[in-house]
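Using the hints, position chain B against chain A.
Number of protein chains: 2
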Amino acid sequence: MSEERLIYLPLGGAGEIGMNCYVYGYGKPGEERLIVVDLGVAFPDMDGTPGVDLILPDITWLKANKNRIEALVITHAHEDHVGAVGHTFEDLGVPIYARAFTANIARHKLAEYGVEGQAVKTCSPWPETTKIGPFTVGFLPISHSIPESSGLVIDSPAGRIVHTGDFKLDTQPLVGEAWDPDLWADVSKAGVKALVCDSTNVFTPTAGRSEVIVGPAVEKLVAEAPRLVVATTFASNVARVRTLAEAGARAGRSIVLLGRAMRRMVEAAVETGVLKDFPPVVPVEDAASIPRENLMLIVTGSQGERRAASAQLSRGKFNGIELKEGDLFLFSSKTIPGNEKGVIHIMNQLSEKGVDVVDDSMGDYHVSGHANRPDLLTMQDVVQPQIVVPMHGEHRHLREHVKISKDRNRQGILAVNGMMIDLTGNAPKVAEYIETGRTYLDGSVQIGALDGIVRDRIRMALNGHVVVTLIMDEEDEPLGEPWVDLMGLAETGRSNVPLVDVLEADLGQFLGRSGAKTLTDDDKLEEGLRRVVRQTCNTEIGKKPEVTVVVSRLS
Amino acid sequence: MSEERLIYLPLGGAGEIGMNCYVYGYGKPGEERLIVVDLGVAFPDMDGTPGVDLILPDITWLKANKNRIEALVITHAHEDHVGAVGHTFEDLGVPIYARAFTANIARHKLAEYGVEGQAVKTCSPWPETTKIGPFTVGFLPISHSIPESSGLVIDSPAGRIVHTGDFKLDTQPLVGEAWDPDLWADVSKAGVKALVCDSTNVFTPTAGRSEVIVGPAVEKLVAEAPRLVVATTFASNVARVRTLAEAGARAGRSIVLLGRAMRRMVEAAVETGVLKDFPPVVPVEDAASIPRENLMLIVTGSQGERRAASAQLSRGKFNGIELKEGDLFLFSSKTIPGNEKGVIHIMNQLSEKGVDVVDDSMGDYHVSGHANRPDLLTMQDVVQPQIVVPMHGEHRHLREHVKISKDRNRQGILAVNGMMIDLTGNAPKVAEYIETGRTYLDGSVQIGALDGIVRDRIRMALNGHVVVTLIMDEEDEPLGEPWVDLMGLAETGRSNVPLVDVLEADLGQFLGRSGAKTLTDDDKLEEGLRRVVRQTCNTEIGKKPEVTVVVSRLS
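First to last, the protein sequences are chains A and B.
Just so we're aligned, residue 1 is where the first sequence starts under our numbering, counting upward by one.
Just so we're aligned, residue 1001 is where the second sequence starts under our numbering, counting upward by one.
To be clear, the hints were calculated from the coordinates, so they are not data collected in a lab.
Just so you know, these numbers come straight off a predicted model, no measurement behind them.
Here a beta-carbon is modelled for each residue, glycine too, at the ideal position from N, C-alpha and C.
Errors might be hidden in some of the hints.
According to the in silico footprint, chain A covers these stretches of chain B (three or more CB under 8 Å from chain A) [unchecked claim]:
no.: 1; stretch: 1148-1158
no.: 2; stretch: 1173-1181
no.: 3; stretch: 1383-1396
no.: 4; stretch: 1437-1444
no.: 5; stretch: 1486-1500
no.: 6; stretch: 1546-1554
Here chain A stands alone, though its shape is the one from the complex:
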């Protein structure tokens, strides 16, 4: 056990889509020097995380091993890869490495926490490399749905790892570098120990499509639109934003970017030189003076987010602009599972305004940023790794990815969050299980997913909440009647009198029946009152609410 070893430990993103965080280490067991690849967020929903603002990986293990961490390396600037950098910097405080565009975004995230920009070091792409502890790390350009996405070439004394990051095999991505199989083959020819690989689209059986196919369809649509055109897409898909803007400009329309994220991304892309020929943009204040048929808005909110520009426009006037009969609204995007209802709601609100909605249901106006099944096999064929380690996927994706690798006679290992894999020998093996989980950013504080706080909120949402207040006098006898407040419960039930009255009567009866043993014991008293409330509510309205009992003793 004292031999040096090469380890891989996913802390987020393996067994889920979102909040990516992967750790590599080299050294003696327990003393490995570490690099962290990506530190992203996931997004909350009403089902499981009501009221939560963001979901972050649980970095308890990283904090405990902080002195062993050499650096945080970011592959690209999507929120699920860079989103937690600001929220965790105070706890980790390690140097951050990224390419220029990603570094620009990361610096803005740190600035929100008052951290200086020099914490982020800008790296040039391969063949340049950076020595980080026992590793040498190079950024290998690859196409994705955001500029400057990079695979990582991670060299250790135990061999070379190729970490793909998120990718697709696009030879014409329009913005950012194209997929260059020769470059990747060249990097791999000396032998690759492990290919740690994106699994998102493993179930899509056809080869991926290039970003270049979207342009002509969008151009035709925009050219034929008689009135105002609004298009939404992922703000970070700078190539798509440019495609949309170009279609507008060619149709003689002035372009307005609406939504903070949309402007921020274009700005970062221009600042870092990845975007050079974006059509001229007019400020939203000028939109009112431009005839509708000469105007095109490119807006945030393709996932139906309630506060983004798309939702605002669907509800009414936004930034002085109001959509009308005959306007066109294009969703140049796909709907991420879970967001369907929000997106459909917007479409129906637009329909009520007489706006014509076009989406990607026929596949003309969007392409995915991830490699499909045949592309994943192509990647394996190019890199020829000894082991395939699927990442960036739910359990079913990782499992399928292992399966297709084995069908190709390659070793594959299914490693989910918390499984530390020893990659040193010829066959990968599980070295250890680390406790992992999720941390919620809730308002301005971080809480644990298992703290019970969000569970209580879900219970109140499902069951309602009853508050019982009781004052006990100096003789440990009830002073007056117990008092009941309802929140989120029907006011009247089976008895056809106010539920509050029925509850107060039943609680009064319970107190009348109770002896000193109960009345002097807070726990017993609360438990008894709680039981009465739940029974009575169940009889009256068929629900068992959450109950808070407050007993005040004057003694």
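Positioned in the frame of chain A, the structure of chain B alone reads:
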């Protein structure tokens, strides 16, 4: 205005998918005799209706006009058409007409409310008709994803209406009657005033596919499966259930039906004679003694419902059966928008058990029960109506359906819930707007969607709940400190001391500052305490919770 008129009034299902309820009337304005077509439910979700059990149409208008209602006519036995029959019978109490299979299901729903079965009258299909008030109603067989779905031929002195119900143009539906264009043309040849038509799939540009195509693909899959096979589909899709069972039987497997709805539907279909040749079924208790490779389960829960058989099997042992490595789980279904996360969760749990999951992503194992765009146009061509009235769709579906009708040089009218349409003249016109909405079945009581009860539950889920208790003595001075209870909120915030302590201190300070004017006025006092709680929480944890203040006065 004293002329007799023919009206159409959707109360549910027009402007949404779910809880269908359409009213037809004939007579002098305000005195029309009415028939209600379908009375269905919609299903709640955590986003908008947490804790709610079912969503029903608001029948306030029907209750107010109860003495004018001649009958309730049910087109088919899907929950969104028949589901509210039991919950509303006490309020409406009108006779119910349906064909045998639908009547069987409706009687079971009424039985749950202690209503005798004779409330439901079984009708034979066209050419038989029933005189109901000023109307003559005939049930016109058509194919759908449930047996005995029927269009309605509704004759009134002002002309004939064809109400399609839910339908597809399937000439080989396997169970139930096939689409018979000659029959529909024959019914229509004397002239149809209005075609009131299903709009669900108006955005699907290709012609619908027949139920018959599913069989061979399923058969191949099941025959090749090495171990246990589990298949889930909509229980009411009796044809599909039979297809699945036949595939199992042909592969030499014993068939087990799992889930109450699955057994109930097959039972109803057998009882009413629509299903004659279902393979033999073994009780679940016998499953343990059958080798896995000779067993097939057909189970409920294709939409990821937490308590249905699919979810139970994905979690662990259910009815003595446990899924294992190498088993096959088939989703012979589509995922209804909003249910994606639940379904995906099950798939991942199955993946963790090593079960191979197959779904319909490639289109081999499911076909829709609704007419696609070309089918809707075919229906118009067969019926040749004077007016097309789209129903059964969200606003965007209805609008598109009107559009394609107009493109075909037909009159179309977009009528959403609450719009009473006068169909008497040559052109349809809006006669009146009726207030409509939704009623929630919440536990055992019905509450209004706008009562604020569910809104309070959502607010507690998003913001948490703080309870402040304060006792005021006989001199209207606080007796001791205010007491704070938190539910669903972080215990510690910015100050790094318990939030409860910070709140109690701030509330104490507020009380110390407050004069008699505040202390003697319950409203002022509560408002002041509430404001302090929200401000302090916002400073400490960045959230503004819901607050309940209980002030007890000893005076």
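| request: Compare the structure with the hints numbered earlier in the document and write down the numbers of the violated ones, lowest to highest. | output: As far as the earlier hints go, 1, 2 are violated by this structure, in ascending order.
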